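J.: Based on these hints, arrange chain B on the given structure of chain A.
Top to bottom, those sequences are chains A and B.
Just so you know, my numbering puts 236 at position 236 of the first sequence, and the rest follows in order with no gaps.
Just so you know, my numbering puts 353 at position 353 of the second sequence, and the rest follows in order with no gaps.
Honestly, the hints are just simulated from the structure, not real lab data.
Computed from a predicted model, the values in this text were never measured in an experiment.
Each statement offered as a hint is correct.
Not the full set, but computed from the structure, chain B residues with beta-carbon under 8 Å of chain A:
| hint | residue |
| --- | --- |
| 1 | G38 |
| 2 | Y476 |
| 3 | F480 |
| 4 | M496 |
All C-beta atoms in this analysis are idealised placements derived from N, C-alpha and C, irrespective of residue type, glycine included.
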Amino acid sequence: MKEIHHRVKSVGEVGVWLTAMGLAVGLLMVVSLLALVVWNGAAVFWPRAVAQIELKPGASGLGEARTLAGVVAKTRLRADRARHRPGDEHREWHLFVGNKDVYGFGFKYVDLADAERVSFPADLMMLERTEYGDAIGFPLTLSSAAGESISFAADPERFRQKLQALVREGTVRRLRIRRLERGEIGAVNERMRKVQERRKALDGGRVPPAEVEGRRAALDREQERLQKEYRALAERAADERREQPPWQVAYRLATGQERVLGVGQVIHFHFPNRMSAAERAAHFVRRAWQFVSTEPREANTEGGIFPAIFGTFVMTLLMSVAVMPFGVLAAIYLREYARQGLFVRMVRISVNNLAGVPSIVFGVFGLGFFVYFLGGSLDRMFYSLSLPTPTFGTGGILWASLTLALMTVPVVIVAAEEALAAVPRGMREGSLALGASKWQTIYRVVLPGSSTGILTGLILAMARGAGEVAPLMLVGVVKLAPSLPIDGLFPYLHLDRKFMHLGFHIYDLGFQSPDSDAAQPMVFATTFFLIALVVALNLGAIVIRERLRRKYAAAAF
Amino acid sequence: MSPDRSTDARSVSAPPQRPVARSTLLIDRAMHHLIKVGGVGIIAAIFAIFVFIFLQVLPLFQGARVTLLRMVAAPPGNYVALGADEWMAKPFLLAADGTFTFLALDETGVVEIRRPALPDDPVITAVRYRALAGVAPIGTADGRFSVVTVKYEARLTSAGRAVEVALEPGPLTPIGPAGAPVRTIDYADAGAEKLAAALVEVDGRIEVHAVRMTQKRSLTGAGRTVVEGGADLTPHIQGRPVEARVNGRADSVLVRTEEGEVFYLHRIGGEFALRQRFRPLADDPVDVLVGLDFLLGDESVVCTGSGGRQEVYSLFGRGQEGIRQFSRTKTFPSLPAGDYAFSPSLRNKAFLVAGPGRASLRYGTSERVRWEEPLPFVTRLARLGSKYDHFLLFDAEARLHVYGLRDPHPEAGWRAFFGRVWYEGSARPKFEWQSTGSTDEFEPKLSMVPLIVGTLKGTFYALVFAVPLALLAAMYTAQFAHPRYRKFIKPVMEIMASLPSVILGFLAALWLAPLLETRVPSLLGAAALVLAAAAGMGALWEALPGRLRGIARPGHEFLLFIPVLLLAGQAGWSLGPALEQWLFVTRHPVTGEAVADFRLWWPQATGAAFEQRNSLVVGFMMGFAVIPIIFTIAEDAFSNVPPAFRSASLALGASRWQTAMRVVLPTASAGVFSAVMIGLGRAVGETMIVLMATGNTPIMDFNIFSGMRTLSANIAVELPEAPLHSTLYRSLFLGALLLFLMTFFVNTLAELLRHHLREKFKAV
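Chain A on its own, in the form it takes in the complex (with noise of 0.2 Å):
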């Protein structure tokens, strides 16, 4: 009888391991690709060993020189087939040899067959530049203009020491030349440009023809007042930089070149063949640090992703704070004050079916309605005065979060939707019973009992628009944004300005970039981050939902 049991029991086992075949598979594909991003993004920062490899004779090298430095970036098949020969070795490395300045280009592929040796000597220093990004070399001297000068070979200690004053000096000047050009010299600028509108106007035939003069006059006077004013603070941001310590830095590249560097041009340096384990963690932290809190460099590939990551956040602050009200308003009618028919079903149905329509028809919208008509109507009707320059008829960071809540909104009326509807009825009728008014009732118990499913929605409806990029691109998202959305000055929320995007600056860099070698860490990286915004957004909306539930569990009556 068990016999025949288990044989009964047992048809179609393949079948079921094929369907756990697919969970696997899932699974493993999601798994796999967290790790990807995270793996690949973590080590753009890691300060990883470098290589001084020696070539065969008759390799191609750089140039005539037969050594060269560089960090291995990957290994890889030989793209050209037709030399691979069974049992050759075929594989390559990418090589990110830096020195861009001399070289002319950061990355090279070397053949594994034509290296002779490889070493990691400890002298290697790699020194982050402000200009052509790292340069790999051998430390030679550090010489001030006045004559002094310090030799690695006879102290290394010393050289290092001085040059890492050196070059926290230079990091402090920088700072301040930054803040007086951003700062002061930015609002003079602004202050310029309104009074060159306010001459304008002036032609405009606006003001009585006697009082014209006048005030052209008093116009040119401020004009002059500021003009003065931004020289001299030129003047002073152009004495700060020759103040630069006057010290020189001189190295010798693996392949032979001594160069010389002002130390002014330093951000970093270090002994990547020389470090403990505790001293590279620290470096990725500060590299890390670095990357999120600094501005982008060289077309982007270099520095920081700052302005990218405010972008982000102001937009979706924006879109969250137009979607929020409507979204639960529309939520409130359709469940507490529409009647319940048919045309409340198809509507229903119809909301539910706009969170499948695709992201870059509303982009289409944004762009056709927001952009062009609103802000086409606006600019004609308040900011004449700059026009055929476009203040909102242009994409800004105002059209693209309304286009983006537009997006949106769906998700946060069906999540508020289901939230309202899963207050329980006798709670309703508790408050109606002791006579609250059906405001009263939704404002105080219906309300505050769906806030968190509510608020799940919200952060579902943010995390999409976080990750959102194709609406972006038509309506306001820049590869690079001379100014932040906010700033000090005057009206300090500047709805007009275009932004950056940290999921349009990954297509950018990835697909525009001048030098994608270069590109690639800084697109990983930012991957890297974007996703763990995206990520972190969804663990809390899952975390908060789940707490939910187990609220109601209990207190269902």
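T.: Coordinates of chain B only, in the frame set by chain A:
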């Protein structure tokens, strides 16, 4: 009700009624209205998106609007050509004797009669006006020709725009035998090369002659024009020539004969050769060719018959050498018989024909009549304004009718978007998308079909990969997995759904595509081994005695399978090169030696291209976007099947697989279908993955190793550059509308099915 209970109730005193505060009532009423208005407003606003996009698209399908602006009387004369400036301020009539009559269209109504100032004022016997170049070649009775430039200049004055005109005649150049009168003349200036062609009367016979001129151009400016010499084209022609036309590149002459034949002479250097001789409208012997006119770009000629038939002949390469010859590409509806004046547009491929009591505005590319109306007069001459916003008709009673024309999107229409169109230079009608070109004469190719096909192709490959995987996973999670695992499987899948598509696109393009480019055999190997491993494990489990089977309790199989999967995948992946050596050996196209390279093997084996960014990559990455959606909905559908069904089936002795296949799946089939539909909706609209991971070439094939361009990617690529309210702009809105309709339709279908399913099982 018993009496003692009622006394009980009476003994409890009713609570004193208190009036409700007025403010509470007011607020309640206000909120009631606010929410109603707000709610309806928001929902209406969302649907207004559709209406807005629709309104943007609508003008594409409207015909031309024509309004009569004014009518001006002209002095009578034997006028043969009509010209105008771009502002329609001072049109002119050119008489056969070479006098220009300028009519000011402002309130002054001044009429100016002028003759070009030629040395010793020769008798003019032939004139013509080429509107695009703004020149009027004229031929004289003593066998010479000159090119008169009609130079309009506008000055802005306080009273408005003042248009001045000057006639600048060029030198008189002999053409044909000395002293023979010129009967018709045509001339084209292509910069360095210039060509004039004339019919010349020699002893009562008509001969065809051409004169070639050259002009050196350098950085310092244009040099002197040099007459390179004349050529007698008469030997090439059979029949009685009535007209000779020169094309804009100054390298061809078309000669029309009285018999209705066209001789196409092509010039290389100074030598002319007959390239083609053809008879348009040949299928009707009565209807003889009477009009032969170039369309903008001079790649097509409009042939008009005496009976009113109209056909377009275009140049395209034929045969092995690809010699470009004229062939019929389009046929327009016939006009009533009569003499018709013809005027091509200088902006696009439109042309105006007007004759006895009828005028018609037609569009060459789309083969459509934009506007056609009967008119109460007989038109002698016609001219389409150079901005395509006006046209002039000059009638037999010497009246000039000025019409306003509003036709912003002449190249659009159902046919242009959804039909095959025979574009200039192509050998057959096709579906094509190419919105911008390098020259002004370019025909925008706006077919939505390649984009729709591309969209479907991307969707298809995404679904081929995603649907089986998602449904298998959903089935396992709902039916076989231990319930405890569902708590973490679903969030993991939700995270997968939330991955921003720009990340997937970036990984697809910069990580997966280069990886897969060289490792297609490895992928095949891994896929095959993984499938085999699953089947093998299943078979093993069936065969194993019950005691051993206990290692993996039911519901934990997928955990046990993960290491197997990793092993099998890794093994298959590293088997790839061997597989390639074994199966995909082909000859290297350059060196000729045998190479094992799938990238070379695929085009040689199938004839289709192999690109790095292809549908395989897109399908795989789009899977990440689609799998979680299908999974979630299908899993819900499977879980919602009433447990009683399952229990009954199992109790009757069916195995869990049999239960799943024969009971659960059929019951949940509507839900599964709706899951696939919603996945499809997502794949159709996906933008970033496709934008980044394909080459974005609008091609029409289903080759898995080539790319595509989808509707959504097309919008992302072209909309930022499209000028506001241009045809391209509206066409992209049309693309968006199609996307909207496609996804909305699919989603609604899915949603209705899901509702149906939910209602069905409510009772059980």
